[in-house]
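Undergrad: Each chain, letter by letter, is given below.
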Amino acid sequence: AQKITQTQPGMFVQEKEAVTLDCTYDTSDQSYGLFWYKQPSSGEMIFLIYQGSYDEQNATEGRYSLNFQKARKSANLVISASQLGDSAMYFCAMREGLEDSSYKLIFGSGTRLLVRP
Amino acid sequence: DTGVSQNPRHKITKRGQNVTFRCDPISEHNRLYWYRQTLGQGPEFLTYFQNEAQLEKSRLLSDRFSAERPKGSFSTLEIQRTEQGDSAMYLCASSLVSGGWETQYFGPGTRLLVL
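Here the protein sequences come in this chain order: Z and F. Going left to right, the first sequence walks through residues 2 to 118 as our numbering numbers them. Going left to right, the second sequence walks through residues 837 to 951 as our numbering numbers them.
Isolated chain F, as found in the complex:
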């Protein structure tokens, strides 16, 4: 399978704990995006990387959130001191920008439940 993969698929944690999610993009893709989707809504942009550089962060990304993409390959999204409002689906997408428009391909997501 050469698509975008995300781990874990599901995570249940207690309020106040830290969690980390991983995204492995399609291998030749140079852009990687994180989105958050709450129940009944469309995904909302959180942040994106061009290779290893994090170039934009949404206002939704509070100080408790941090994302990395070392060496421009996989990416991690960490949430510190989780709150119940963090419960959502976290989606990762990757794309190849090579002039003109690009298409983002999404992974299966990580469902987070904060108790």
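Extracted from the complex, chain Z is given alone in its bound form:
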């Protein structure tokens, strides 16, 4: 069965420093996608970054990068130069399947990040 595991319930980071949020996944499919979303206290899920299983290079989006290690089935999110506004819940999610499938996302339990001034 598909599963996403986030082992860090909470993390602290000092402002302007980098932080890595862990995510491991389990799937038997060869084709899948991995996502990270940010959820502030307001509740909205904000898309951050995406990595496809066949992508050879790690995805980057501004201060966000995804450390994709396929053999280890890990997709860690790296946030560089943390800002106070980065304080939020972060969810790793996986989608399996090809174009005709449901594309539903399977989410982990999340990591709460607190950026200290």
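Read the hints as simulated data drawn from the structure, not as lab findings. Do not take every clue at face value.
Pair by pair, the computed Cβ-Cβ distance ranges are [stated by the list, open to error]:
1. F/E904 with Z/R117: 45 to 51 Å
2. Z/P118 with F/S898: 41 to 47 Å
3. Z/Q3 with F/E864: 24 to 30 Å
4. Z/S42 with F/S841: 44 to 50 Å
5. Z/E62 with F/Q877: 24 to 30 Å
6. Z/S29 with F/R895: 34 to 40 Å
7. F/T939 with Z/E18: 39 to 45 Å
8. F/E914 with Z/T21: 39 to 45 Å
9. F/Q877 with Z/Q84: 22 to 28 Å
Please read these numbers as outputs of a predicted model, since none were measured by experiment. Every residue gets a Cβ at the ideal spot worked out from N, C-alpha and C, and that includes glycine.
Take the given structure of chain Z and dock chain F to it, following the hints.
TA: Showing chain F alone in chain Z's frame:
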């Protein structure tokens, strides 16, 4: 604002009452998803639409739940005879599938509290 919108943002109801939530997706998106998120957990898939067709429903979607997407535009999620266990955040997401992978964009959610 051209993002996904959801109404109401908050709903408090008494056990046994019916509630209906609305989701307006990004206008050109052809897929619409509903998820439920309970406290301290990640969202869980409930159902999704491809245009107006409801193509998959989770086992979480009991007979008391019904979702529609008339004309492939906005969607409604109705819960009949609400129970305290229905208290959760209900999230809607939309996406455009046009070959290859798509990204789901979420709305702000509707927080439901059943007393």
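Undergrad: For every hint, state whether the structure bears it out.
TA: Outcome of the hint check:
no.	hint	in the structure
1	F/E904 with Z/R117: 45 to 51 Å	holds, 46 Å
2	Z/P118 with F/S898: 41 to 47 Å	holds, 46 Å
3	Z/Q3 with F/E864: 24 to 30 Å	holds, 29 Å
4	Z/S42 with F/S841: 44 to 50 Å	violated, 19 Å
5	Z/E62 with F/Q877: 24 to 30 Å	holds, 26 Å
6	Z/S29 with F/R895: 34 to 40 Å	violated, 20 Å
7	F/T939 with Z/E18: 39 to 45 Å	violated, 28 Å
8	F/E914 with Z/T21: 39 to 45 Å	holds, 42 Å
9	F/Q877 with Z/Q84: 22 to 28 Å	holds, 26 Å
In this structure, the earlier hints numbered 4, 6 and 7 are contradicted, and the remaining ones agree with it.
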